[in-house]
Amino acid sequence: MKQDNKRVRKIEKKQAWHKFLTGNTLMAYGFIVPSLLVFAVFMFYPLLHTVYLSFFDWNMIKPVKTFVGSQNYMALLQDPLTYTVMKNTLAYIVILLLLNWAAPYLLAFILSFVIKRGRDFYKGMFFLPSVISLVVGSILYLWILNPVSGPVAIIAKFFGLTVPIWSKTQGLIIVVLSIITTWKVFGYNFIVLFGGITGVPQEVIEAARLDNVPLHRIFFDIVVPMSSATGLYVFIMTIVQGLQYVFTPIKVITQGGPDNASSNAIYNVYQEAFTLYHTGYASAFAIVTMALFVILLLVEFKFVEKGIHYEN
Amino acid sequence: GDSAANGKKIKIEYWHCNAETQGGKTVEQLVNEFNAQSKDVEVVARYNPDMYKGLMQNLQAEVATGKSPAIVQIGWAFLDYFSNNFSYVEPQKVIDEYFPEDKTFLQDNFLPNVLALAKNGKGSQVGIPYSLSTPVLYINRDILRQAGLDENGPKTWEELIVFANTIKEKTGKYGFYMQEPADNWAQQALLESNGARMMTNGKASFASEEGIQAYEAYAAMVTKTKSALHISWGEGVQSFIDGNVAMLYTTIAQRANIQKGAAFDVAAINSPAWQGKPKRLPAGGCFLAITAKTKEEQKAAWEFEKFLYSVEAMAAWTKGTGYVPPRKDVATAENGLKSFLAENKMMAAATTQMDGVVSWTSFPGDAGLQAEQLLLDVRDRILNGSISARDGLVQTQTKINELLK
Amino acid sequence: MRIDREIKWHVLLCCALVVSLAPIVFALSSSFKELSEAYTNVFGLIPQQPTLSNYVQVFSRLPLVQITTNTFLIAVAVTVFKTITSVLAAYSFVYFDFKGKNVLYFMLISTIFIPFTVTMIPNYLTISQLGFRNNIIGVILPQLSDATGIFLIRQAMRTVPRSLIEAARLDRTGHLRILGNIVLPLVKPAVVSSGIMFFINSWNEYVWPVLILKDKANYTLPLALQLFISSEGGTDFTIAMAVSVLTMIIPLMLYIVFQRYIISTFTSSGIKG
Amino acid sequence: MKEIVFENVCKSYGKAKIIENLNLTIQPGERLILLGASGCGKSTTLRLIAGLEEISSGSLYMNGQLVNDVASGERNVSMVFQNYALYPHMTVADNIIYGLKIQKLPKEEIVQRLKSAVDMLELNGLEDRKPKDLSGGQRQRVALARAIVKRSDFLLLDEPLSNLDAQLRGHARKELVKIHQTYHQTFVYVTHDQVEAMTVGERIAVMHAGRLQMVDTPYNVYNRPANVFTAKFIGSPSTNIFTAHYADRSLQIGRQAVRLPEFWSAHLGKNGCREFYLGIRPEHIRLEQEKPDNMFAGTVKYVEEYGNRCGVYFDLEGHEVVAICERTECKPGDRVCFALEADKIHIFDKQSTKNIGYPEVYCEHFYQYQSV
Amino acid sequence: MKEIVFENVCKSYGKAKIIENLNLTIQPGERLILLGASGCGKSTTLRLIAGLEEISSGSLYMNGQLVNDVASGERNVSMVFQNYALYPHMTVADNIIYGLKIQKLPKEEIVQRLKSAVDMLELNGLEDRKPKDLSGGQRQRVALARAIVKRSDFLLLDEPLSNLDAQLRGHARKELVKIHQTYHQTFVYVTHDQVEAMTVGERIAVMHAGRLQMVDTPYNVYNRPANVFTAKFIGSPSTNIFTAHYADRSLQIGRQAVRLPEFWSAHLGKNGCREFYLGIRPEHIRLEQEKPDNMFAGTVKYVEEYGNRCGVYFDLEGHEVVAICERTECKPGDRVCFALEADKIHIFDKQSTKNIGYPEVYCEHFYQYQSV
Ligand SMILES: Nc1ncnc2c1ncn2[C@@H]1O[C@H](COP(=O)(O)OP(=O)(O)OP(=O)(O)O)[C@@H](O)[C@H]1O
Ligand SMILES: Nc1ncnc2c1ncn2[C@@H]1O[C@H](COP(=O)(O)OP(=O)(O)OP(=O)(O)O)[C@@H](O)[C@H]1O
Ligand SMILES: O=P(O)(O)OC[C@H](O)CO
Ligand SMILES: [Mg+2]
Ligand SMILES: [Mg+2]
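Residue numbers (my numbering), protein chains in the order written: chain A, 1 to 312; chain B, 1 to 405; chain C, 1 to 273; chain D, 1 to 372; chain E, 1 to 372.
Mixed in with the good hints, there may be bad ones.
Capping the alpha-carbon separation at 20 Å, the derived lysine to any residue pairs in SDA-like fashion look like this [unchecked claim]: (1) E:Lys104 <-> A:Asn212; (2) C:Lys216 <-> B:Lys260; (3) B:Lys173 <-> A:Thr162; (4) C:Lys101 <-> A:Val163; (5) A:Lys116 <-> C:Pro47; (6) B:Lys226 <-> A:Val163; (7) B:Lys260 <-> C:Asn218; (8) D:Lys130 <-> E:Lys15; (9) B:Lys25 <-> C:Phe258; (10) D:Lys15 <-> E:Asp133; (11) E:Lys301 <-> D:Arg309; (12) E:Lys291 <-> E:Cys337; (13) E:Lys132 <-> D:Arg309; (14) E:Lys174 <-> D:Glu175; (15) A:Lys306 <-> E:Lys104; (16) E:Lys101 <-> A:Lys306; (17) E:Lys344 <-> D:Glu74; (18) E:Lys130 <-> A:Pro225; (19) C:Lys101 <-> A:Glu203; (20) A:Lys302 <-> C:Asn102; (21) D:Lys15 <-> E:Lys174; (22) B:Lys226 <-> A:Thr162; (23) E:Lys17 <-> D:Ala209; (24) B:Lys260 <-> C:Asn102; (25) E:Lys132 <-> A:Glu203.
Since the hints were derived computationally from the structure, they do not count as laboratory data.
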């Protein structure tokens with residue numbers, strides 16, 4: 001009943017804008033066409049191509065593609081590696097969300113509402129590493145974090161600690177690769193979230209301050225909901241782009257090892273396609289990965305969007 | 001050909017993966033020299049990052065568009081995959097067809113066992129060996145002395161194990177690191193020198209007793225005595241160079257890098273053998289394959305290859321890269337490497353063990369690359385201690401043989 | 001004073017800063033060391049024997065000006081195109097109503113999830129057919145299909161207070177002007193951060209140019225960096241650092257030059273006044 | 001021209017009906033005041049005129065043309081939004097002239113209009129500030145300035161002066177009337193200030209819960225309220241309303257009775273009223289201390305001081321009644337009396353709460369009584 | 001307790017001095033009204049008390065404690081923001097009780113306080129709406145409710161009723177006073193509504209351009225304005241101020257002169273006043289049509305109708321003077337006269353514009369005259 005009411009209200013509210021919105025269908029399409037063109041050629045077409053390839057056994061150069069139906073998909077479902085990779089992927093997602101979404105969100109909050117001095121300085125500085133390529137970052141970190149002789153190991157030794165050989169340690173490797181990725185992504189996410197948070201009117205925060213709302217509640221009860229449009233963006237991008245970004249350190253540092261402990265869905269597609277030349281299988285894997293994400297996106301559209309504070 | 005008649009040089013592409021730190025400069029220098037002296041051929045060298053694997057990827061994409069370069073460097077591990085999937089011409093065929101004067105060039109200048117390295121399972125001479133490397137043992141003499149060991153290093157694996165353990169005990173530093181890139185090259189040397197064979201009659205056979213024992217000994221250093229380091233290649237080399245690891249088992253191609261970086265008394269010695277057994281050292285590096293399609297290009301390709309395999313060019317190549325020349329005579333010739341080798345003691349470690357060179361196993365068929373990957377995976381598991389060398393090798397061998405069916 | 005209450009935050013933030021900036025400093029200082037010093041004097045911020053040889057070597061081996069120009073041209077073209085089209089598309093998705101809008105949006109956004117490896121080979125074929133191999137246009141084109149900007153800018157546009165648009169509508173303001181005069185200034189943080197991301201990503205893009213670019217003269221900086229990284233020959237760390245510093249320097253300089261503008265963009269608080 | 005006609009206009013948000021069947025003609029060039037309790041639909045009505053909300057049913061004509069489907073921009077309307085809706089990224093000056101720039105007016109014209117608006121609303125010196133650096137009243141004035149400079153045919157003002165001090169408000173009010181006299185725009189003006197309503201308005205429309213209650217001149221709305229709601233709503237303190245009876249030519253409140261003049265008796269008799277609501281404005285109750293005949297008497301409960309006047313609250317037969325006096329010596333507990341002033345009382349039907357009308361003697365004033 | 005003391009407080013934004021050297025003691029539990037023109041610094045003053053702005057110099061004490069560096073949350077203050085500052089993503093109910101939840105009050109207590117605030121401000125039925133689905137006045141009431149439920153020691157209200165209709169405003173005003181009488185909070189209340197100032201305020205502080213002009217009881221602020229600004233600012237229409245002369249025991253305006261009572265003559269003589277500003281409130285000018293002696297005379301210019309009263313604007317020796325009458329038959333061009341009521345005139349020094357004070361006879365009223 002209430003739900004119903006809300007929906008009707010929403011529809012009516014929409015109607016109010018209807019004329020303004022629909023008056024210019026031609027313009028509406030006109031605005032989208034440039035994007036659409038490049039997407040059609042460089043995204044949708046290749047995607048369809050990949051879907052097509054996923055039904056074949058092929059290695060990209062053999063003159064004949066062998067049609068194998070859903071065999072690639074079946075194989076993928078039966079391969080224990082698939083589940084390892086998916087588990088790793090999930091682990092990456094969780095860690096990246098913590099480091100690249102939650103943490104910069106907090107920092108953006110601290111810089112906008114908690115401290116008054118030195119904001120611009122911090123903003124500039126925290127952003128810096130994000131201009132640097134991950135290839136460079138990976139090389140650097142491979143040195144810095146070298147558990148035998150890197151600076152970190154030397155410092156640790158000074159305190160009587162030994163650094164585990166992370167590059168060959170299950171679990172830890174995911175954490176370290178995520179940290180390396182974080183080094184690059186953090187600053188950017190931070191700046192985007194900061195942009196979102198600046199949209200929260202100062203007065204509203206002041207109102208909460210007066211109520212002696214503790215900082216963490218201000219953050220969770222007010223700032224996050226009110227900047228949720230941007231928050232959502234960074235959330236999704238952290239998952240999607242994060243996984244693509246981690247690709248670089250994986251490739252430079254571990255090549256998916258040890259024993260696939262650092263491989264994720266994206267790297268595995270690459271590995272299958274360009275190291276093992278299982279083009280069909282890799283395509284199927286890519287499609288499945290994408291499908292999983294799209295389901296995630298659908299869930300988001302269906303459920304999360306309702307909780308987001310939008311004006312339009 | 002026609003183009004020559006027109007006064008226009010025919011342009012061919014030479015694909016290599018020699019980074020600046022690994023002979024890139026020499027490639028450029030050789031290509032320039034060749035272009036300067038050739039009347040009708042112009043070579044364009046194209047660098048491909050990420051080694052032979054990266055080159056392979058790019059080649060794959062290139063061929064998919066229907067084009068291909070004229071000459072490519074193919075890593076030994078890709079011998080089988082390349083010959084199965086790409087079209088190439090055997091060099092002798094080009095020679096026979098257009099250059100009768102060079103008919104015996106290959107025979108005359110290459111040892112049969114070296115030439116055989118570039119033969120695939122079906123016996124086709126896919127290309128000509130170009131870069132040849134073998135694994136050698138780099139030692140930090142300072143640490144050896146500190147640990148009271150023979151500063152000339154171990155001769156056998158058994159000795160090496162003792163050395164490593166002693167170093168660990170005496171200095172607290174790691175005794176040994178064996179390279180762990182995304183291939184099993186060094187591990188193959190270890191196993192096969194103990195009498196195991198990676199492959200016998202087209203089937204994986206590394207999990208023989210000899211193979212298992214060798215691997216167990218190696219794994220024990222990592223997991224039991226902790227005298228050997230299990231870490232990625234780059235980190236391992238870094239740790240050797242900055243003096244945290246006493247002995248490094250890796251390719252001779254790293255020589256320049258190590259020599260430049262190491263601030264201690266460094267030496268390279270022959271790869272150790274197992275007590276009383278012959279060494280079998282897989283050849284690293286690459287061969288050159290001709291992928292040119294048209295007659296003109298194939299002809300031009302040979303002209304360039306012939307230049308590359310000249311004594312002077314080979315010598316330059318060794319100087320620039322540390323690879324061992326695959327061709328006869330280069331080491332001893334005055335215009336070859338004579339003086340260079342005399343000065344460069346570290347190089348000797350590789351040149352003096354060429355008799356032990358065998359081909360680097362490349363598993364046949366479409367699943368070959370995956371088989372190699374399985375071996376990598378099990379290496380991590382064994383060295384992590386999560387599986388015994390025996391179980392790991394046996395299981396993996398079974399799996400690979402399934403795949404190869 | 002109030003600063004006392006802040007001090008613990010400052011300590012925390014500064015620690016975090018040290019950690020995040022250390023690698024950059026490390027890279028910079030290593031690039032002025034000899035290789036052997038890089039190994040032995042890891043901590044020395046200031047090299048004991050400072051040397052320019054790494055840079056000299058890089059410059060003598062590579063047409064760096066050309067390479068930098070290429071990288072810059074590519075990044076600028078990609079940034080400009082993507083920023084403009086993203087803003088337009090986002091505006092259309094928020095402020096217009098048309099058939100298939102949601103489906104279309106969903107389709108575009110879904111592409112964010114496509115692993116780049118999926119599109120690599122087909123795009124390589126397309127680019128070859130178009131004749132843009134070994135050409136920076138070939139590097140640019142596929143990078144243009146990227147929905148992240150549309151996503152971010154649309155999210156931002158959805159938070160622009162409706163009453164402002166209404167006020168503008170009363171003035172008979174056309175869509176282009178509403179976009180330019182009202183919406184754009186208000187979503188500037190999102191647009192600027194998209195632009196920055198476009199630039200940085202394109203600047204550092206590596207996998208694709210490797211496939212497309214063959215001649216050194218056409219190289220981009222990340223490709224040039226690869227020239228000094230080799231697993232087998234070993235990576236010449238100090239030279240790699242010198243190239244790394246060179247690849248960072250332009251984005252860093254651009255950032256420093258525009259920092260004031262960028263930061264102020266993100267400070268124009270009280271959008272909802 | 002410049003006329004606005006609502007024909008059976010309804011507006012709902014979901015199930016909630018906000019405007020119910022509105023029929024109203026706003027004359028070209030008139031200044032119409034919209035009055036009504038908070039939340040009754042005033043802003044919504046303005047937004048319908050502006051075309052910012054779509055009409056749920058019915059027709060809206062402007063300039064004689066059906067505008068249900070005409071876009072806001074084409075209605076030639078300017079509006080002061082209740083919450084200002086200033087462009088936060090533009091300076092005060094830019095906010096004000098943005099609409100003019102859109103219209104591509106000549107530079108000098110724009111500068112001149114800006115100057116006159118800034119002067120009129122005392123915004124000098126603030127031209128280069130951003131809205132967030134302004135006080136509440138300053139923001140409101142910018143919003144007003146922005147609407148004024150456009151000189152549109154229709155000017156919709158949603159409580160445009162609510163955050164201004166009395167002086168400035170008085171000043172702005174006068175200026176608005178001046179502007180109107182120059183450009184003869186049609187004003188629709190929402191306010192809660194009675195003085196504003198009376199001084200600016202040529203007619204007043206009183207709304208209640210989405211329904212129009214009365215549309216008439218300020219004089220009539222005040223002196224001849226069409227129903228109890230209007231009577232109570234206009235004026236502060238509010239009109240005293242109490243149940244009264246008519247019997248024996250007398251008006252009875254509780255146990256007290258006061259004789260009515262003949263014409264009232266006749267009028268009530270004619271209308272057959274026996275029990276009804278009686279309305280008397282506080283300012284029409286003249287309190288006296290001693291009680292002659294024919295007066296109601298009550299006991300003072302408390303006195304409110306308004307600065308220049310004061311309100312005496314007293315109990316009359318259980319009803320709390322308030323009277324406004326210039327100055328009083330009353331104290332709580334005092335006894336006070338008042339007579340009925342025959343031309344200052346209002347009788348409302350008990351059922352419909354509508355005004356039953358006045359005896360003919362008073363009808364000369366009551367020229368255009370219009371109940372809706 | 002609950003006392004607020006400003007000691008030489010200054011506040012500037014950049015170069016602009018907003019508050020200049022404010023010295024003011026707000027008594028514990030008193031209801032102080034802040035009055036002043038738009039942009040004079042009222043909101044800023046509240047924000048200083050709330051700790052939302054940092055004091056540029058000087059000291060602020062609350063509860064006897066120096067609070068310059070005490071965080072807002074620790075000052076036990078609630079505030080109604082001029083622009084409401086509602087949480088847009090929370091429902092009305094959540095907005096109101098959010099602060100209580102933070103205080104971890106028991107559930108029942110919260111529910112009960114919510115209910116009473118909702119009832120008091122007539123927000124029933126809106127509890128589940130989001131702010132953007134409310135009318136302007138409804139939003140304001142939510143903001144008020146949010147501040148009230150907290151029952152803090154200090155309640156700061158920044159024009160809390162400006163968007164409400166007169167009825168609701170009257171009602172809310174009374175409820176606020178009731179709340180105050182129950183909890184004895186210290187109120188600081190910004191309003192532009194004179195009736196509100198007079199009825200809610202126990203004392204009124206008048207500000208002008210960042211400077212305090214006068215702090216006193218409503219009665220004194222109205223009847224004994226400390227300076228010309230206060231006299232003109234309080235009351236609408238504004239106090240008539242014109243230059244007058246004293247000579248021959250008479251008060252002269254232009255060519256007209258009226259004899260003053262003895263005590264005024266003495267007072268003016270004592271103060272050596274010859275030329276000064278004379279202030280008379282419009283409601284203290286009783287117009288008459290015929291001119292006896294000792295009266296000023298002028299010509300009616302126009303008449304403004306305020307519903308229950310009207311303003312007659314007439315020309316007196318070149319000054320525009322306004323008088324408020326209950327009802328008038330005056331037309332423009334009519335001649336009108338008025339006498340000086342000796343206890344209703346104010347004399348201000350020409351230089352300082354300060355009130356020179358009153359003859360002793362009036363001083364009983366004038367118990368706490370305090371000029372700042
Ligand atoms: N951030 C700022 N920068 C500069 N000046 C400001 C800033 N904020 C406010 N002001 C100025 O300070 C003065 C006082 O503002 P304040 O909000 O206290 O006024 P106010 O008395 O509440 O007025 P109103 O009745 O209009 O709300 C105003 O003139 C305003 O323009
Ligand atoms: N989006 C909405 N959804 C549901 N109800 C709404 C919405 N917007 C407004 N209302 C309701 O419509 C009614 C009329 O609102 P409107 O803004 O027209 O009131 P108003 O007369 O201007 O009041 P005020 O004097 O308080 O500004 C209010 O009761 C309000 O709660
Ligand atoms: O000798 P290289 O350089 O071919 O290296 C052999 C390595 O094992 C290849 O990874
Ligand atoms: Mg409203
Ligand atoms: Mg204010």
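Tell me if the straight-line CA distance from Lys174 (chain E) to Glu175 (chain D) falls inside 20 Å. Measuring from Cα to Cα gives roughly 34 Å; hence the hint is violated.
Compare the distance between the alpha carbons of Lys344 (chain E) and Glu74 (chain D) with 20 Å, and conclude whether the hinted pair is satisfied. violated, 55 Å
Given pair status - Pro225 (chain A), Lys130 (chain E), alpha carbons within 20 Å: Holds, at about 13 Å.
Measure nothing beyond the straight line between the CA atoms of Lys17 (chain E) and Ala209 (chain D); if it is 20 Å or shorter, mark the hint as holding. Cα-Cα ~46 Å, so violated.
Pair hint Lys104 (chain E) and Asn212 (chain A), alpha-carbon separation not exceeding 20 Å: holds, 12 Å
Straight-line Cα separation of Lys260 (chain B) and Asn218 (chain C) no greater than 20 Å? With a Cα-Cα distance of about 31 Å, the restraint between Lys260 (chain B) and Asn218 (chain C) is violated, given a limit of 20 Å.
Quickly compare the C-alpha distance for Lys226 (chain B) and Thr162 (chain A) to 20 Å and report which way the hint goes. holds, 14 Å
CA of Lys15 (chain D) to CA of Lys174 (chain E), is that 20 Å or under? violated, 34 Å
Are the Cα atoms of Lys132 (chain E) and Arg309 (chain D) separated by 20 Å or less? Measuring from Cα to Cα gives roughly 39 Å; hence the hint is violated.
Given pair status - Pro47 (chain C), Lys116 (chain A), alpha carbons within 20 Å: violated, 37 Å
Given the hint that Lys226 (chain B) pairs with Val163 (chain A), test it: the Cα-Cα distance must not exceed 20 Å. holds, 15 Å
Hinted pair, alpha-carbon criterion (20 Å max): Lys173 (chain B), Thr162 (chain A). Please report holds or violated. holds, 13 Å
The structure does not agree with the numbered hints 2, 4, 5, 7, 9, 11, 13, 14, 15, 16, 17, 19, 21, 23 and 24 stated previously, though it agrees with the rest.
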